[in-house]
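Based on these hints, arrange chain G on the given structure of chain S.
Going down the list, the sequences are from chains S and G.
Residue 216 in the working numbering sits at position 206 of the first sequence, with consecutive numbering throughout.
Residue 176 in the working numbering sits at position 166 of the second sequence, with consecutive numbering throughout.
For the record, the hints were derived by calculation from the structure and aren't laboratory data.
One or more of the hints may lead you astray.
The list cannot tell twin chains apart, which means a pair is met if one copy fits it or any two copies do.
To be verified - Below, in silico cross-link-like pairs of lysine to any residue (SDA-like), each with a Cα-Cα straight-line distance of 25 Å or less:
| hint | residue 1 | residue 2 |
| --- | --- | --- |
| 1 | Lys-98 | Leu-19 |
| 2 | Lys-287 | Gly-303 |
| 3 | Lys-34 | Ala-150 |
| 4 | Lys-151 | Glu-31 |
| 5 | Lys-98 | Asp-88 |
| 6 | Lys-98 | Glu-230 |
| 7 | Lys-151 | Asp-27 |
| 8 | Lys-98 | Glu-86 |
| 9 | Lys-93 | Gly-225 |
| 10 | Lys-190 | Ser-125 |
A quick note: this is a predicted structure, and the numbers were derived from the prediction, not measured.
2 protein chains.
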Amino acid sequence: MEQVNQIILSKAGSNVDLIPEIAKHLISSGGKRLRPMLTLACADMFGYRGDGHVTLAASVEFMHTATLLHDDVVDESDMRRGKLAARKVWGNQASVLVGDYLLGQAFKMMVDVGSLEALRILSEASAIIAEGEVLQLGAAKNITTTEADYLRVIEAKTAALFAAAAEVGPVIAGEGAEMKAAARSYGMELGLAFQLVDDALDYGGSSADLGKDIGDDFREGKITLPIVFAVARGSDEDRVFWRRCLESDGIEDGDLEHAIELLRKYDAISDTVQRAKDYGDGALKALDKLPQGAHADALAEAVAFCISRVS
Amino acid sequence: MEQVNQIILSKAGSNVDLIPEIAKHLISSGGKRLRPMLTLACADMFGYRGDGHVTLAASVEFMHTATLLHDDVVDESDMRRGKLAARKVWGNQASVLVGDYLLGQAFKMMVDVGSLEALRILSEASAIIAEGEVLQLGAAKNITTTEADYLRVIEAKTAALFAAAAEVGPVIAGEGAEMKAAARSYGMELGLAFQLVDDALDYGGSSADLGKDIGDDFREGKITLPIVFAVARGSDEDRVFWRRCLESDGIEDGDLEHAIELLRKYDAISDTVQRAKDYGDGALKALDKLPQGAHADALAEAVAFCISRVS
Numbered sequence: 011m012e013q014v015n016q017i018i019l020s021k022a023g024s025n026v027d028l029i030p031e032i033a034k035h036l037i038s039s040g041g042k043r044l045r046p047m048l049t050l051a052c053a054d055m056f057g058y059r060g061d062g063h064v065t066l067a068a069s070v071e072f073m074h075t076a077t078l079l080h081d082d083v084v085d086e087s088d089m090r091r092g093k094l095a096a097r098k099v100w101g102n103q104a105s106v107l108v109g110d111y112l113l114g115q116a117f118k119m120m121v122d123v124g125s126l127e128a129l130r131i132l133s134e135a136s137a138i139i140a141e142g143e144v145l146q147l148g149a150a151k152n153i154t155t156t157e158a159d160y161l162r163v164i165e166a167k168t169a170a171l172f173a174a175a176a177e178v179g180p181v182i183a184g185e186g187a188e189m190k191a192a193a194r195s196y197g198m199e200l201g202l203a204f205q206l207v208d209d210a211l212d213y214g215g216s217s218a219d220l221g222k223d224i225g226d227d228f229r230e231g232k233i234t235l236p237i238v239f240a241v242a243r244g245s246d247e248d249r250v251f252w253r254r255c256l257e258s259d260g261i262e263d264g265d266l267e268h269a270i271e272l273l274r275k276y277d278a279i280s281d282t283v284q285r286a287k288d289y290g291d292g293a294l295k296a297l298d299k300l301p302q303g304a305h306a307d308a309l310a311e312a313v314a315f316c317i318s319r320v321s
Numbered sequence: 011m012e013q014v015n016q017i018i019l020s021k022a023g024s025n026v027d028l029i030p031e032i033a034k035h036l037i038s039s040g041g042k043r044l045r046p047m048l049t050l051a052c053a054d055m056f057g058y059r060g061d062g063h064v065t066l067a068a069s070v071e072f073m074h075t076a077t078l079l080h081d082d083v084v085d086e087s088d089m090r091r092g093k094l095a096a097r098k099v100w101g102n103q104a105s106v107l108v109g110d111y112l113l114g115q116a117f118k119m120m121v122d123v124g125s126l127e128a129l130r131i132l133s134e135a136s137a138i139i140a141e142g143e144v145l146q147l148g149a150a151k152n153i154t155t156t157e158a159d160y161l162r163v164i165e166a167k168t169a170a171l172f173a174a175a176a177e178v179g180p181v182i183a184g185e186g187a188e189m190k191a192a193a194r195s196y197g198m199e200l201g202l203a204f205q206l207v208d209d210a211l212d213y214g215g216s217s218a219d220l221g222k223d224i225g226d227d228f229r230e231g232k233i234t235l236p237i238v239f240a241v242a243r244g245s246d247e248d249r250v251f252w253r254r255c256l257e258s259d260g261i262e263d264g265d266l267e268h269a270i271e272l273l274r275k276y277d278a279i280s281d282t283v284q285r286a287k288d289y290g291d292g293a294l295k296a297l298d299k300l301p302q303g304a305h306a307d308a309l310a311e312a313v314a315f316c317i318s319r320v321s
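Isolated chain S, as found in the complex (with noise of 0.2 Å):
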């Protein structure tokens, strides 16, 4: 992983300084690193011996690095980890720009690695990813969405770069189809499960004391799992109280509360953490199939990591 943050820093630096300054921002506000560990750990439990997973790694990285910036500003988020947006600091325009930057970066360190498959399989994540923005942009304000079309959104906006970072694994160690596969859907569970996670933090999760960090979600209009079950299992008047909040931009003081009070009333929250357990179990089942050993177990350690964040 050291290495891993040594390439991620050495490639993100550009003759034009707001380029790094930016990058770095993000870069070293601490995100969990989670992807690029997987690609690791999926390349090393097959004895790979080269640097090539490192690179992928950290492409893998710059690309999820790359969408971050570009939500916020599709978003018009005010914070991101804790610290202000990059668009707040640096605008929209730079924010966009250096997004492109490291898209094209990442391209250039899997090619620098030489791996044909690997750079289909990281090119294909990439355009799904924006992919399932679009569709999540198309979902947004829309209180009909369902868990099927929830379901492909998240499958594309965040499992698919989970995925994929998990099937580069067993692609450069020269694994055959069984492993890549094994490899792939344990990351596409662990993402889902990841993603279904967030969704019920952004609600308080189980505790019942709330902090500060909640309820982005509802003031930007996005329909996710806990919104989707409890607007299918409310009354007729949720659903105007629903359609109100999310729809047409109507929240007022005290919305927040009645949505989360609604949300614990039908479940919601604990049936969508449920979700994500469920497809964690799904994740570890992959993980089966894969060699066992300290990898598998740091694998194992990931999922289980991730559902602790919320019970």
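Below, chain G without anything else, positioned relative to chain S:
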């Protein structure tokens, strides 16, 4: 070219409706398709037999289209090629994300072609373009920008893609270093000429009668070569004027007319056109080293077309 258009339209497709809608808005709005033409001609001139050049040409146009979508967001432009800019129809959010999608598709298509060298050249260009845009962001609203500063910007933001589009032709045709360097040099010089002609046209070019599509750069505070010349050659009083207009958003009625008057007085537009012609000549010289015939003739015509827009 017909094949390129077909690939472009099919690969701009997506199950997410908004994506083809926006992509087609731009793609069908009559861009000149100059960049993909370079790729085709620079492969065909070596007797390349395959269809990789068509796919690469389409991916070059996707990279360009993605850049346009993001540029309009960054420049807050209202119009693009005489139509409403995509961001004015579908919003900044969709423009950012559909740009990302097209970039991802571009890389997927390059991977399909399977040439790591072409991938390296185009991914390098992708990072450099973004770097050039960030550089321009820093140079905007700064009238002390020099000619060298400005050339660095346009070499990155415009000419790098022309150079890459041309270079990948001999690359997939299996040519050696000399032909690749000549094609790259042709593309680079043409790209510089192209951008300088654009810059001159934004102030009406050589024509005395000013059309309606002028002054965009001026209103956006963009420091282009005509401005660099006029600032360097002008009086202290002129610099006060340029500073007020370009550095502090203080444009008033009649300022554009006065700006054009100053640009003419100091031969700033005609000298920019002269520079463009010089780069055009450079492109023709590079072309002399490439195989002569119908394809070289078409590439020479591209230079003449580019210059003819302004004179």
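So, going through the hints one by one against the coordinates:
For the identical chains of this complex, Lys-98 and Leu-19 are intra-copy neighbours only, at 22 Å inside a copy versus 36 Å across copies, given an alpha-carbon limit of 25 Å. Taking CA atoms no more than 25 Å apart as the test, Lys-287 paired with Gly-303 passes inside one copy only; the shortest distance there is 23 Å, against 66 Å between copies. For the identical chains of this complex, Lys-34 and Ala-150 are inter-copy neighbours only, at 23 Å across copies versus 31 Å inside a copy, given an alpha-carbon limit of 25 Å. For the identical chains of this complex, Lys-151 and Glu-31 are inter-copy neighbours only, at 20 Å across copies versus 35 Å inside a copy, given an alpha-carbon limit of 25 Å.
Proximity of Lys-98 to Asp-88 under the C-alpha cut-off of 25 Å is found in both arrangements, the shortest distances being 6 Å within a copy and 23 Å between copies. Proximity of Lys-98 and Glu-230 under a CA criterion of 25 Å is satisfied in both settings, with 17 Å inside one chain copy and 21 Å between copies. For a Cα distance limit of 25 Å, the shortest separation of Lys-151 from Asp-27 across copies, 17 Å, qualifies, whereas the shortest one inside one copy, 38 Å, does not. Both within a single protomer and between protomers do Lys-98 and Glu-86 lie at most 25 Å apart by alpha-carbon distance, with minima of 9 Å and 17 Å respectively.
Taking CA atoms no more than 25 Å apart as the test, Lys-93 paired with Gly-225 passes inside one copy only; the shortest distance there is 17 Å, against 39 Å between copies. Taking the shortest alpha-carbon separations for Lys-190 and Ser-125, both the intra-copy value of 14 Å and the inter-copy value of 23 Å come in at or below 25 Å.
In this structure, none of the earlier numbered hints is contradicted; all agree with it.
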